[in-house]
Each structure stands twice: as structure tokens, then as C-alpha cells.
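Those protein sequence lines, which keep their order, are chains S and A. 71 is the number that full-length UniProt numbering gives to position 71 of the first sequence; each next residue is one higher, with no gaps. 18 is the number that full-length UniProt numbering gives to position 18 of the second sequence; each next residue is one higher, with no gaps.
Everything labelled a hint here was simulated from the structure, so no lab data went into it. Note that beta-carbon positions come from the ideal geometry of N, C-alpha and C, so glycine has one too. Be a bit skeptical, because a hint or two may be false.
As the list claims (entries may be wrong) - Among the chain A residues that face chain S by a calculated CB cut under 8 Å, a handful are:
| id | residue |
| --- | --- |
| 1 | G17 |
| 2 | L19 |
| 3 | R49 |
| 4 | Q52 |
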Amino acid sequence: MQTLEQPVIATDIREDLVQHREKTLEKLYAKAYPMVLHYVKQQHGSPDDAKDLLQDAIILFYEKVVHQKLTLTAAPTTYLMAVCKNRWRHELEKRNRQQELSPEVGEQLQEESALEAPAFALAAFVDKLGEKCRATLVAFYYLGQQLEQIAQQHQYRNVRSATVQKFKCLERLRKSLQGFSIHHFR
Amino acid sequence: MRPELEEIKLLEAFLGGSLHEEQEQELEIQLLWDQGLQQKVKLQELAYRAVQEAGRKQLRQELQAIHNRLFLRT
């Protein structure tokens, strides 16, 4: 059950993000980046730090709003700023700790985080499916678009054919991941 | 849809927790002895993770493009 006060904002931003992603993200970015940049510069960071911080925060924001149905009790930029500030504090602590460590240990830590890093290793399997499959799977499962919208944007005959294609793409992806799981999970 | 695709759809509902109680129990019991099916469930979970990564990657690229458009002075 929705109450009539704040959740309305969240519903609208969800609609906007899913239906008009580019425009909505651009507006959000235009507003938030100068704020994050100002803050990070005051806190010993660079413009690149500000950019990475904000982009991570927006990705998190998108996932929360679209998938977890986050109910916003503040403006989106306020939320983004809070996430950025919080993460920047952690980042500064991490950097300070690494400076205090001996060079060898610091290097070791970096190697470990490099091992965690194949963040996009799995994405490569999706890329290999071809652009239409990739875009369809991402639009449905990640961007949270409706099949009607997907059918229109990606030139499927109708919703039914988009649905079938989506499962066919998933089937191909599942098959191609067999090799990956043998190497990484056994 | 052909049976293989129907099965993918079924596993999707199972993983998303949207199966009816009876169907869910039936599947859980089958999973106890059916190693082929266990493997399929694992791979399908992995597939969703892959799509999530691909989604993040796309969003990151879109944000980077927005950044360049708005804030990069050439």
C-alpha cells in the first residue's frame, strides 16, 4: 500500500528512469556533478575521483529505485550526495591506511583487489551474444523495461516474439557460461 | 515455446520466488536428485549475474558519455 506523501516522488523517478533513461540521467548528472565535485575538492580529491564517485552512486541509485523499489524520502540529488559523501569518507580512510602500511603489504593489497576485479568478465559473455540479444537481455532484466517498450525499440514483431527471443538469448547465454563455471567454480 | 524454453521460464520463476507453493516444492524435490537440473539452475543464476554486469557496464558507458557531453571541455 502506498501512502500519498513521499512515495509519489519515487514512483515518478522510477517511471522517468525506465521510460526516459538518457534524459533523466542527464538532468540528474548535470545537477549532481558540480555538487560532488565541490565537496570532493574540499576533501582532498580530484575531478576524476568526483566523477567515479558520482557514477557509482548513480548506478547504485538506479538499481535501488528500479529493482528494490526504494522509497525516496528526499530529492534524488540529496540521496546521491549522501552516498558520495559516505563512500568518499571510506575511500579516504582506505587511502590513509594504505599509506601507513609497508610498501610490500600495500602492493599485496592492490594485487588482491585486482583479483577481485574481473567485474566485467561475465559481461563479455553477454557481449558475445550479439548486439540485439545483449540489448534485449539488459533492457529487460537490468534496465527494468517492459516487453512492449523492448519490442518497439528493438524491432520485434510483437511482445510475444520479444518474449520468446528473450528466453532464447538466455538459453544461449546459459550454454556459453558452461565453460566459465567449470574454470571458476570447481 | 519449445520445452527447453518453457523450462528456462519455469526456473526463472523459481529463482524469482514467484512459483506457487506446490510447484516450488515439486521443483525442490526434483533438485534433490536431478543433478542436470541443479546444474541448469546454477548456470541460470550465473546468467542473470552476467546480465547484471552487462547492464552496469552499459549504464557506466552512458554516464561517461553524459559526463563528456556536459563537463569535458575540449
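Task: Those earlier numbered hints the structure runs against, lowest number first - done: 1, 2
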